[in-house]
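Take a look at the letters that make up each chain.
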Amino acid sequence: MNIFWREIKAYRKSTIIWVLVLSAITIVFLLLYPGFTKDVEATRKMLSGIPAAYRNALGLSLDNFFTIFGFLGYLFTFVLLAGAAQAMSLGTGIISKEDSGKTSDFLLSKPVTRTKVLTSKLSAALVLLAATNIFFSLASYGVARVVSTANFSAKTFFLISATLFLVQLFFWALGALFAVIIPKIKSVISVTLPTVFAFFIVSTIGAFIGNDNVRLVTPFKFYDYQYIIAHNTYEWKYVIIEAVCIAVAIVASFIIYLKKDVRAAS
Amino acid sequence: MNIIETKKLTKYYGKARGIIDVDMTVEEGEIYGFIGPNGAGKSTTIRTLLGLMKPTGGSATIFGKDITKYGPQIKQEIGYLPSEVFYYDGMKAIDLLKYSASFYQKDKKFTEKRIQELSGILDLDLSKKIDDLSYGNKKKVGIVQGLLHQPKLIILDEPTGGLDPLIQQKFFNLLKEENEKGATILFSSHILSEVQKMCDKVAIIKEGKIIKTEKISDLLENQTKRFRIETAMKADKKDFAIKGVDDLSITDNSVTFLFRGHLNDIMREIAKLDLANISIEEPDLEEIFLHYYQK
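So the protein lines, in turn, are chains R and L.
With our numbering as the guide, the letters of the first sequence map in order to residues 1 to 266.
With our numbering as the guide, the letters of the second sequence map in order to residues 1 to 295.
Incorrect hints may have been included.
Said to hold, decoys possible - Subject to a maximum C-alpha distance of 35 Å in a straight line, what follows is the list of computed DSBU-like cross-link-like pairs (lysine-lysine):
hint: 1; chain 1: L; residue 1: K215; chain 2: R; residue 2: K116
hint: 2; chain 1: L; residue 1: K170; chain 2: L; residue 2: K152
hint: 3; chain 1: R; residue 1: K13; chain 2: L; residue 2: K129
hint: 4; chain 1: R; residue 1: K102; chain 2: L; residue 2: K243
hint: 5; chain 1: L; residue 1: K152; chain 2: R; residue 2: K259
hint: 6; chain 1: R; residue 1: K97; chain 2: L; residue 2: K215
hint: 7; chain 1: L; residue 1: K176; chain 2: L; residue 2: K212
hint: 8; chain 1: R; residue 1: K97; chain 2: R; residue 2: K13
hint: 9; chain 1: R; residue 1: K97; chain 2: L; residue 2: K69
hint: 10; chain 1: R; residue 1: K259; chain 2: L; residue 2: K65
hint: 11; chain 1: R; residue 1: K186; chain 2: L; residue 2: K176
hint: 12; chain 1: R; residue 1: K184; chain 2: L; residue 2: K243
hint: 13; chain 1: L; residue 1: K215; chain 2: R; residue 2: K184
hint: 14; chain 1: R; residue 1: K102; chain 2: L; residue 2: K237
hint: 15; chain 1: L; residue 1: K243; chain 2: L; residue 2: K215
hint: 16; chain 1: R; residue 1: K13; chain 2: L; residue 2: K176
As the list claims (entries may be wrong) - Every beta carbon over 12 Å from chain R, so not counted as near; a handful from chain L, in silico:
hint: 17; residue: T25
hint: 18; residue: D95
hint: 19; residue: T160
hint: 20; residue: A232
hint: 21; residue: L263
hint: 22; residue: E281
hint: 23; residue: L290
These are computed hints drawn from the structure, not numbers from a lab.
Every residue gets a Cβ at the ideal spot worked out from N, C-alpha and C, and that includes glycine.
I would like the entire structure built from these sequences, with the hints used as guidance.
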């Protein structure tokens, strides 16, 4: 457990910052919600001036934008983007820092298997992401309840809220895979941000042109908020697709990491 | 008992040569020197033994156990100091050393006492952050982390870079003490005076292959001699055209060369010359090393 706790300690501060950033984005937007619902018809008229393709690209549905969960679903388009950046940075950085910081010699010359090293690091990242989501969800839940005027379903809220964690899992696994494949990552951001944005742009373009197949390739579209609000559940087909992607990425990460040569630092 | 035993240990980086068919036997209690210039394969051998790299051929055992199967078990009893040390910048030296100690199945009190003892000997300030330490002090952290669990095998890969002469001496004394307590030491270096001072046996590695393994004393005393001769008249190359003469240099009336072989053979030839002076010296390890490398 020593590697696990060391990583928890090392990423503690940055995780607190991410919790604050994600919570701040959500809380500020949720506090604006009563303003949007004050004069629904005027706001609807204003939003309907935006072409439907653009509204779809932004995840903005006029059918339920004025409900708390519809508003939350729209807001989550951006929360997911930030959350994905956190998850992929963590998944990549927690592994690649040993290479970039040239500390692999220190760590891997200790009496510990590589399986244990990778398991400890990925578990620590997972726990940090889970902690992020617990604090973020509780903070958002409190504010959402306060600003909500209609009936409030805790289940629907947490189903929407948990999509952050589910999408983060995808980027956590992808980050781990990138960390073991790409040699000597000097800047984690230079790898993670373009990747996250590439998936985001694909999802935006897919929504813009109305191509539903794009949902199969980008985690930003695995969870449709309109569906969650209407059915109070996820579309399990996409949950399974994501689970398979994660499993493949993690298994591949272990296989590559276990065989990888650690070249001398210079 | 053999502490390290390699049989045709081979490592290629793709098509590039790392080490080829390395056979090495390090016995219990030995201080075993491993010499060769940069790129000869010293670090590759060590890194393969430590499991940092996977061998592409051959086999190796440490404490009688296969390195590819029992890596973590073997490493419980190994202390390693690489040529360049890198640690986690945000950590204090004491935290890094405690983290290092946490990997070993040794009593916490024992390792904490060792950390204090060793850092005291090396004059290391444990309260400083790693990124605030000079390179020499980081190296001291490296020495402490390599010895804090009192390993049975100490592997040193060009360990003295960055250490001032005083600390180098303290470090060598520490190694001698550990050796007297029973530790076996594999000492890789291209600084031959260090190896000559520290080691019992030495292996010379060239282009990935071990070309010579011998006791330091045998290498120094029984093999090659350095001859310096002054003659009344300029000598001829032909006068020294006998087996075993190497590195021959004739300038004016002065002749120098290395000789390996039966002394009577060369003395008979020298006796034919009109000698003004002669000296026969033991060459130092550096000369012997160059002798092998120039071949």
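- prompt: What hints, given by number in increasing order, does this structure fail?
  reply: 1, 4, 6, 11, 12, 13, 14, 16, 18
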